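Protein chains in written order, with my numbering: chain Z, 1 to 106; chain E, 107 to 236; chain A, 237 to 364.
Keep in mind that the hints were calculated from the coordinates and are not lab data.
As the structure is a computational prediction, the values presented were derived from the model and not from experiment.
Just so you know, even glycine gets a beta-carbon here, dropped at the ideal spot from N, CA and C.
Worth double-checking, as some hints may not be accurate.
[To be verified] Calculated cross-link-like contacts (lysine-lysine; reagent style DSS-like; alpha-carbon spacing at most 25 Å):
#1 LYS193(E) to LYS32(Z)
#2 LYS189(E) to LYS267(A)
#3 LYS221(E) to LYS62(Z)
#4 LYS267(A) to LYS112(E)
#5 LYS189(E) to LYS4(Z)
#6 LYS346(A) to LYS193(E)
#7 LYS193(E) to LYS238(A)
#8 LYS141(E) to LYS27(Z)
#9 LYS4(Z) to LYS316(A)
#10 LYS4(Z) to LYS288(A)
#11 LYS112(E) to LYS270(A)
#12 LYS316(A) to LYS193(E)
#13 LYS32(Z) to LYS189(E)
#14 LYS112(E) to LYS32(Z)
#15 LYS193(E) to LYS4(Z)
#16 LYS112(E) to LYS4(Z)
#17 LYS62(Z) to LYS267(A)
#18 LYS267(A) to LYS141(E)
#19 LYS267(A) to LYS85(Z)
#20 LYS141(E) to LYS346(A)
#21 LYS267(A) to LYS4(Z)
#22 LYS141(E) to LYS353(A)
#23 LYS53(Z) to LYS221(E)
[Stated by the list, open to error] Going by beta-carbon spacing under 7 Å, a handful of chain E positions derived as facing chain Z:
#24 GLY143
#25 ILE223
#26 ASP228
#27 GLN229
#28 ILE233
Here is how the chains run, residue by residue.
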Amino acid sequence: MSQKYLLIESRDSFDSADLPYFFNLAKDLAAKGSDVILYLIQNAVFGLRKGVKQTFPGSPVKILADDFSLRERGIKKVDIIASAKVSNVDELVDLLLEENRKAVWH
Amino acid sequence: MNANSKILSVAERAYRATVEEQDDTVLWFTWTVRKAGAPIDVLLRGNTVNYVVKGQEVSGLTFGEVSFGNPPAIEHDLQEMMKESIKIYVVREDLETRGINPSDILNGTHLISSKEIAGLYDQYDQIWHW
Amino acid sequence: MKTLTILLMDPPYETENTTTALRIADAALRKGHKVRVFAYEGAVSLTMSQQKQHPNPVKNQDVAQADHPTTIRAIQSLFKKGPMEWIACGMCVDERGVDFIPEAKRGGPKDFYEWVKDSTNTLVIGTQ
């Protein structure tokens, strides 16, 4: 049966060497048929500016970026890569409280 | 979530609480929850893979006149946890990159590759990623 | 109404995890859900009763002008906003010599697990 995951990434590649683990996990879970959402929050949004050398998981992993974290860092919607969609804490709560969606913080 | 739901406790930050808990706080919490009836297992990744290395020794820690007579014994704790049916999974690549020889680790642990982590997560209802 | 259980480990002001956790709790309560927070390790200081606002001399602000948002002010306001429960890990409290506001209760991992079984979902926010 297909499973649902909410992977919440709070770290950034400038400060942590551990992002590949989490991004590969997202890809591997999706490859097994799971519905995977990667929610970038806190310093994780630093990787979203166009021109940053960082590879995010591609489709079907859905990438959401926390609006407050972006705004706090002066990163505008036009500044970020096209594959990420701006989201917010309300959507994050909805996802956290979706039945059977496993939430994993990193 | 109910009493039959399985939990995977993922520990990755090692040797953080030697003074505070005389334990690893994540393993201690996991063990306590197991004693409360939770079907819970452990995945050691990152630096916590060193917890399965034989020969860890923490005696002699003294600050001023205060000696730590009951220091952490994580190796022993893990063995006790395994006796209580807590599976201890260890990421093989994380051992290799730290130069840890599989022959130097505790018996009874389950080595998995990085590629197998996703499959492991699929087997559990909740992932507590500390 | 759904129930979200959150485990926090970080002390009040050292990491952004506090901001995120409070944002999530606030939004969940605003949406009519129940929120339970288990404060582990340094997070037990989030509900220390003796937190005080202070002036900010570098900005020449007095206490009122600085209006420092201590975590107990935020948390007590969240308690008024909707159904919320808060447990401070008892051993962590003892080790640190902290107290906690009356809205919070003393507890342990077993209490957390009881919550987990009775919640829609659980989010463990570890420390770095």
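Which earlier hints turn out false for this structure, listed by number in ascending order? Hints 2, 4, 5, 7, 8, 9, 10, 12, 13, 18, 24, 27 contradicted; others consistent.
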